[in-house]
Amino acid sequence: LLCQFEPGSVLRFLQTYENYRLEHCLRLCQEYGVTDAAAFLLERAGDVTSSLSLILSGIDSHLDNIYSIIQSKVAETTTLVSESEQLNTILSTPE
Numbered sequence: 001l002l003c004q005f006e007p008g009s010v011l012r013f014l015q016t017y018e019n020y021r022l023e024h025c026l027r028l029c030q031e032y033g034v035t036d037a038a039a040f041l042l043e044r045a046g047d048v049t050s051s052l053s054l055i056l057s058g059i060d061s062h063l064d065n066i067y068s069i070i071q072s073k074v075a076e077t078t079t080l081v082s083e084s085e086q087l088n089t090i091l092s093t094p095e
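Under our numbering, the letters of the sequence shown match residues 1 to 95, in that order.
Please note that the accuracy of each hint is not assured.
[As the list claims (entries may be wrong)] Each pair of labels, with its calculated beta carbon distance range:
(1) Ile70 x Gln30: 28 to 34 Å
(2) Ile66 x Gln30: 20 to 26 Å
(3) Glu18 x Lys73: 44 to 50 Å
(4) Ser61 x Ser84: 31 to 37 Å
(5) Thr49 x Arg27: 17 to 23 Å
(6) Glu31 x Asn88: 54 to 60 Å
(7) Arg44 x Glu76: 25 to 31 Å
(8) Arg21 x Lys73: 24 to 30 Å
(9) Ser84 x Thr16: 53 to 59 Å
(10) Ser50 x Glu76: 37 to 43 Å
(11) Asn19 x Asp47: 54 to 60 Å
The hints are simulated quantities; they were obtained by calculation from the structure and are not laboratory data.
Cβ coordinates follow ideal geometry from the N, Cα and C atoms, glycine included.
The task is simple: from the sequences and hints, build the whole structure.
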């Protein structure tokens, strides 16, 4: 239930308590996309490579989102500059 309704609290729970079935918790974390907790459990199970891979894929995803936002803002800025230049041209044209 924690994975489903409070995914931000799962890692803290797993770090605090040790009396849980690691494989079962890992499956639930992966199923609900709780990557920080899944990475923690993978590391605890001794699969450091998969843990690091999971963390890096999350970083890649965030970087892709940031890149998309930057591209969108650059496009908006370019459009605003173009519209401003057009307005200046219209205003400076003698009648």
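Results for each hint:
Under the hint 28 to 34 Å, the C-beta atoms of Ile70 and Gln30, about 30 Å apart, fit the expected range. Range check, Ile66 to Gln30: about 25 Å between beta-carbon atoms, so the 20 to 26 Å window is met. Evaluation of the 44 to 50 Å hint for Glu18 and Lys73 yields a pass: the beta carbon distance comes to about 46 Å. Range check, Ser61 to Ser84: Cβ separation about 35 Å, and the 31 to 37 Å hint holds.
Evaluation of the 17 to 23 Å hint for Thr49 and Arg27 yields a pass: the beta carbon distance comes to about 19 Å. In this structure the supplied range 54 to 60 Å holds for Glu31 paired with Asn88, their Cβ-Cβ distance being about 56 Å. Separation of Arg44 from Glu76 is about 45 Å and departs from the stated range, judged on CB atoms against 25 to 31 Å. Checked against the given bound of 24 to 30 Å, the beta carbons of Arg21 and Lys73, roughly 46 Å apart, lie outside it.
For Ser84 and Thr16, the Cβ-Cβ distance of about 55 Å falls inside the hinted range of 53 to 59 Å, so the restraint holds. Restraint check, Ser50 to Glu76: a C-beta distance of roughly 39 Å satisfies the suggested window 37 to 43 Å. The hint said 54 to 60 Å for the Cβ distance between Asn19 and Asp47, and at roughly 21 Å that hint is violated.
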